[in-house]
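Asks: The listed protein sequences derive, respectively, from chains Y and F. Quick note: the first sequence uses our numbering, first residue 26, plus one each step. Quick note: the second sequence uses our numbering, first residue 4, plus one each step.
FYI, nobody ran anything at the bench for these hints, they're computed from the structure. Nothing here was measured: the structure is a model prediction, and the numbers come from that model. Note that CB positions come from ideal geometry on N, CA and C, so glycine has one too. Hints may contain errors.
Claimed, not checked - A few chain Y residues that don't get close to chain F, going by computed Cβ distances all over 10 Å:
#1 D68
#2 G121
#3 A131
#4 D156
#5 G158
#6 A159
#7 T173
#8 A180
As the list claims (entries may be wrong) - Once the Cα atoms are required to be at most 25 Å apart in a straight line, the calculated SDA-like pairs of lysine to any residue come out as:
#9 F:K719 <-> Y:N195
#10 F:K291 <-> F:G75
#11 Y:K59 <-> F:A342
#12 F:K148 <-> Y:L133
#13 Y:K134 <-> F:H140
#14 F:K617 <-> Y:G230
#15 F:K642 <-> Y:E141
#16 Y:K138 <-> F:R171
#17 F:K148 <-> Y:I136
To be verified - According to the in silico footprint, chain Y covers these stretches of chain F (three or more CB under 8 Å from chain Y):
#18 158–169
#19 244–251
#20 416–426
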Amino acid sequence: MKAAVLTFPGSNCDRDLAVAFEHSGAEVHRVWHKDTSLPEGVDIVAVPGGFSFGDYLRCGAIAAQSPIGAAVRAHAQRGGYVLGICNGFQVLTEMGLLPGALMRNAGLKFICKTVELQVATTDSAFTNGYDKGARVMIPVAHHDGNYTADAETLARLKGEDRVAFTYSDNPNGSVDAIAGILSDNRRVLGMMPHPERASEVSHGGTDGSVLFRSLTGALALA
Amino acid sequence: MTEPAITPELVAAHGLKPDEYERLLGIIGREPTFTELGIFSAMWNEHCSYKSSKKWLRTLPTTGPQVICGPGENAGVVDIGDGQAVIFKMESHNHPSYIEPHQGAATGVGGILRDVFTMGARPIAAMNALSFGLPSHPKTAHLVKGVVEGVGSYGNAFGVPTVGGEVRFHRSYNGNCLVNAFAAGLADADKIFYSVASGVGMPVVYLGAKTGRDGVGGATMASAEFDDTIEEKRPTVQVGDPFTEKRLLEACLELMQTGAVISIQDMGAAGLTCSAVEMGDKGKLGIKLQLDDVPQREAAMTAYEMMLSESQERMLMVLNPELEAVARAIFVKWDLDFAIVGETIPEDRFLILHGNEVKADLPLSKLASSAPEYDRPWVETPAAGPTGDIPAIGPIEALRALIGSPNYAHKAWVYEQYDSMVMADTVRSPGLGAGVVRVHGTPKLLAFTSDVTPRYVKANPVEGGKQAVAEAYRNLCAVGARPLATTDNLNFGNPEKPEIMGQFVGAIKGIGAAVAALDMPIVSGNVSLYNETDGVGILPTPTIGAVGLLASADDLISGLPREGDMALVIGTTHGHLGQSALLAEAFGLETGDAPEVDLKAERKHGEFLRANRKLLRAATDLSDGGLALAAFEMAEAAKTGVWLESGHISTLFGEDQARYLVACDIADVPDLIEAGEKAGVKVAQVGQFGGSSVCFGTASAPLEELSGLYRSAFAKAVG
Numbered sequence: 026m027k028a029a030v031l032t033f034p035g036s037n038c039d040r041d042l043a044v045a046f047e048h049s050g051a052e053v054h055r056v057w058h059k060d061t062s063l064p065e066g067v068d069i070v071a072v073p074g075g076f077s078f079g080d081y082l083r084c085g086a087i088a089a090q091s092p093i094g095a096a097v098r099a100h101a102q103r104g105g106y107v108l109g110i111c112n113g114f115q116v117l118t119e120m121g122l123l124p125g126a127l128m129r130n131a132g133l134k135f136i137c138k139t140v141e142l143q144v145a146t147t148d149s150a151f152t153n154g155y156d157k158g159a160r161v162m163i164p165v166a167h168h169d170g171n172y173t174a175d176a177e178t179l180a181r182l183k184g185e186d187r188v189a190f191t192y193s194d195n196p197n198g199s200v201d202a203i204a205g206i207l208s209d210n211r212r213v214l215g216m217m218p219h220p221e222r223a224s225e226v227s228h229g230g231t232d233g234s235v236l237f238r239s240l241t242g243a244l245a246l247a
Numbered sequence: 004m005t006e007p008a009i010t011p012e013l014v015a016a017h018g019l020k021p022d023e024y025e026r027l028l029g030i031i032g033r034e035p036t037f038t039e040l041g042i043f044s045a046m047w048n049e050h051c052s053y054k055s056s057k058k059w060l061r062t063l064p065t066t067g068p069q070v071i072c073g074p075g076e077n078a079g080v081v082d083i084g085d086g087q088a089v090i091f092k093m094e095s096h097n098h099p100s101y102i103e104p105h106q107g108a109a110t111g112v113g114g115i116l117r118d119v120f121t122m123g124a125r126p127i128a129a130m131n132a133l134s135f136g137l138p139s140h141p142k143t144a145h146l147v148k149g150v151v152e153g154v155g156s157y158g159n160a161f162g163v164p165t166v167g168g169e170v171r172f173h174r175s176y177n178g179n180c181l182v183n184a185f186a187a188g189l190a191d192a193d194k195i196f197y198s199v200a201s202g203v204g205m206p207v208v209y210l211g212a213k214t215g216r217d218g219v220g221g222a223t224m225a226s227a228e229f230d231d232t233i234e235e236k237r238p239t240v241q242v243g244d245p246f247t248e249k250r251l252l253e254a255c256l257e258l259m260q261t262g263a264v265i266s267i268q269d270m271g272a273a274g275l276t277c278s279a280v281e282m283g284d285k286g287k288l289g290i291k292l293q294l295d296d297v298p299q300r301e302a303a304m305t306a307y308e309m310m311l312s313e314s315q316e317r318m319l320m321v322l323n324p325e326l327e328a329v330a331r332a333i334f335v336k337w338d339l340d341f342a343i344v345g346e347t348i349p350e351d352r353f354l355i356l357h358g359n360e361v362k363a364d365l366p367l368s369k370l371a372s373s374a375p376e377y378d379r380p381w382v383e384t385p386a387a388g389p390t391g392d393i394p395a396i397g398p399i400e401a402l403r404a405l406i407g408s409p410n411y412a413h414k415a416w417v418y419e420q421y422d423s424m425v426m427a428d429t430v431r432s433p434g435l436g437a438g439v440v441r442v443h444g445t446p447k448l449l450a451f452t453s454d455v456t457p458r459y460v461k462a463n464p465v466e467g468g469k470q471a472v473a474e475a476y477r478n479l480c481a482v483g484a485r486p487l488a489t490t491d492n493l494n495f496g497n498p499e500k501p502e503i504m505g506q507f508v509g510a511i512k513g514i515g516a517a518v519a520a521l522d523m524p525i526v527s528g529n530v531s532l533y534n535e536t537d538g539v540g541i542l543p544t545p546t547i548g549a550v551g552l553l554a555s556a557d558d559l560i561s562g563l564p565r566e567g568d569m570a571l572v573i574g575t576t577h578g579h580l581g582q583s584a585l586l587a588e589a590f591g592l593e594t595g596d597a598p599e600v601d602l603k604a605e606r607k608h609g610e611f612l613r614a615n616r617k618l619l620r621a622a623t624d625l626s627d628g629g630l631a632l633a634a635f636e637m638a639e640a641a642k643t644g645v646w647l648e649s650g651h652i653s654t655l656f657g658e659d660q661a662r663y664l665v666a667c668d669i670a671d672v673p674d675l676i677e678a679g680e681k682a683g684v685k686v687a688q689v690g691q692f693g694g695s696s697v698c699f700g701t702a703s704a705p706l707e708e709l710s711g712l713y714r715s716a717f718a719k720a721v722g
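Just chain Y, with the same shape it has in the complex (with noise of 0.2 Å):
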């Protein structure tokens, strides 16, 4: 599998992402934001954590409008996977490959601790690791990761079975706990937990690496 990690200015999960995909047995190439096209035979864009542009306008709005981000969009409507931690979540639905935005959380500070998320869905390259409704410890770590849609579209992500993890002590105020969706055609996953940040015995849990060995997995069977 080959993987491209993405850094805009303000990144600061892209090396912590792409160890991770490294160590699931992936060939990472690091992509800067000011390239224009990805390379050759990438399986899976992943946007990382930080603070792209400092998250002074709404966070991910400028790095949605990178250069980097046309070839992002293409490799999506190709069917190419895209996979979007915390700040990546917010930059893909800026980019509008993602629907819903994330907003400041409920409690207006930033949180950052270890919680228990539930695998909602297995049904995609990114979860079919877990077993459906498992419970996994994935920490968190942000300001703005307070899920919202409008109802047609919460309806929809529900009816499509495209929530991918839910909270299981909801952090942020997010709707229906949510804390990670699916593109329609489930190859996108944005989610506001790091699993990179559980991924090695060291780290205190790997739940997190499964995420990457499922993809990893699918990926060398595609």
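Chain Y is fixed; fit chain F onto it per the hints.
Replies: Frame of chain Y; chain F shown alone:
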């Protein structure tokens, strides 16, 4: 633009005493220009010149085989083997944080991160030691919220994990909070960048964010006592931009790879002035600056303003001219300013040009080295009085008094606002003892802790100074780390008062003795004096930041006991209650002497603990709150109960030093006791973990109830 005439009032407004002004006149042999007066005031204020503390700082042990570079550079450099070094420092941002808590704290974090990456190191861990006034004081909740938010906003966006720290409350900080920020970075030992300029005619390059009027006079403000005109000082606080800092980090580290950097300095206190003078002085060169070329954020800035601006996220570099194009391209890539603003010159001159005018023309080496140095009068702190009678209290009631106070309550409210895991190398998050991160890509780990018990230092500066170092040593040993070195952030009141200077001198003596005995030299530090409001000084607060090394994760000692584990104390318990947390929190008493620190025992017990780590399930140091608080914290974190055999208040809450509480599988207990006998270290069984209640002797309470109190008290006090 005409500059104001130099009057005695103007001189006084620059914080220069009449004799200091005479000294200035003696050096330059004429009346200074307005810009020159500003430059001297910046170089000679307490914050930059350490004029009251230097004499005593020189007495601290700063060398050892592990030390690559001690105090004097931006941060200390310590060998961690395999050609790698850890680079760290702690620095205060007290006065700005009291005036504007969010930005004051944020820029404190920004400044210390810059100190670390200026030397070529990527920051890998941060800590914050915060001291606030009483929760009931009208300003406290606002300060706590602002400071914590400010620390978080900067560190989180920059992308450095905050892995430890302290938060305390005491009435002496009512008008003067303390914000001490620590950062550590990692670099190859042979690729460390220093501030020594070399070569004549080399371009002096300005990097980073543009210069504005923010912080003009900030260093002078930081060296003054507060009074009721404080609100007028808000414009001297700088505004932080972690996004620019993150880009500056990446650009600087990229630049340093190219060989283009001859020397580099961050622009911290007194910005352009201090950084340029320091590079010139260390390289025995002069510096010429053409201020028209300085990237400016505001129109019509004067030379005075540019030389004293403390705008953040800026660096000054002496560049290898052959690599100018390469260097410029890196800064263009990161959308940062890159401007040649001057050059190194052979003569001993600090020459500042603006427009067609000479705004300052000063002897550079004198400017750097001639700051007044004072041997301030001091009096030894009188011996502490007796502890006195201690009112009767039940052990569980006493525990409730501690864990229900914001001083000893669970601090998740604070540290969950900090990203403690970014970089994905954090192995031990904040909350229980030292923070631990992996040295990326190696089996090694680094441990970090920050400690001081100001009550002890007030009662007995020498023992209190020792204790701060000893506690840091124990916190590192308790996670299995070998203590390496320390940084000290010395926060005191007005040094012109002999009793305050006496506290300072005593604490330095104690710290010096302890770092020598425990082989953890001071490699960097910062002094913050004049922490007084309306003539009332803070508790003397010499914060010790310390770093330890673990060869691999096999050496780690957990903080979490298991159900059924035995509880043992390593070290001797006498039951010292003077200046204890119990007296302060349960009875509002601050009586008696600080506990005595036996440095030989500290070292012996620390080494014993590390040598026997295989027999330990978990360990923690015993400090304020004693055995009872430590046992509760350990049990609570592991979600299990605990029983301690003793119900005696002095046994449970005494704060004798050189002690650890360890949890041990029952099967390993005989081996540990035998090891203790062989080593001559007292190891005593004191109880057992397990069940669902906390029992001290015959008194008990459900863990769940105590846990509820412990986890809600902080937010209740200030949230």
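Asks: Look at each hint and say if it fits the structure.
Replies: Against the structure, the hints:
no.: 1; hint: D68; verdict: holds (22 Å)
no.: 2; hint: G121; verdict: holds (24 Å)
no.: 3; hint: A131; verdict: holds (14 Å)
no.: 4; hint: D156; verdict: holds (25 Å)
no.: 5; hint: G158; verdict: holds (24 Å)
no.: 6; hint: A159; verdict: holds (22 Å)
no.: 7; hint: T173; verdict: holds (22 Å)
no.: 8; hint: A180; verdict: holds (33 Å)
no.: 9; hint: F:K719 <-> Y:N195; verdict: holds (21 Å)
no.: 10; hint: F:K291 <-> F:G75; verdict: holds (23 Å)
no.: 11; hint: Y:K59 <-> F:A342; verdict: holds (23 Å)
no.: 12; hint: F:K148 <-> Y:L133; verdict: holds (12 Å)
no.: 13; hint: Y:K134 <-> F:H140; verdict: holds (23 Å)
no.: 14; hint: F:K617 <-> Y:G230; verdict: holds (22 Å)
no.: 15; hint: F:K642 <-> Y:E141; verdict: holds (17 Å)
no.: 16; hint: Y:K138 <-> F:R171; verdict: holds (22 Å)
no.: 17; hint: F:K148 <-> Y:I136; verdict: holds (14 Å)
no.: 18; hint: 158–169; verdict: holds (count 4)
no.: 19; hint: 244–251; verdict: holds (count 6)
no.: 20; hint: 416–426; verdict: holds (count 9)
When the structure is compared with the earlier hints, no violation turns up for any of them.
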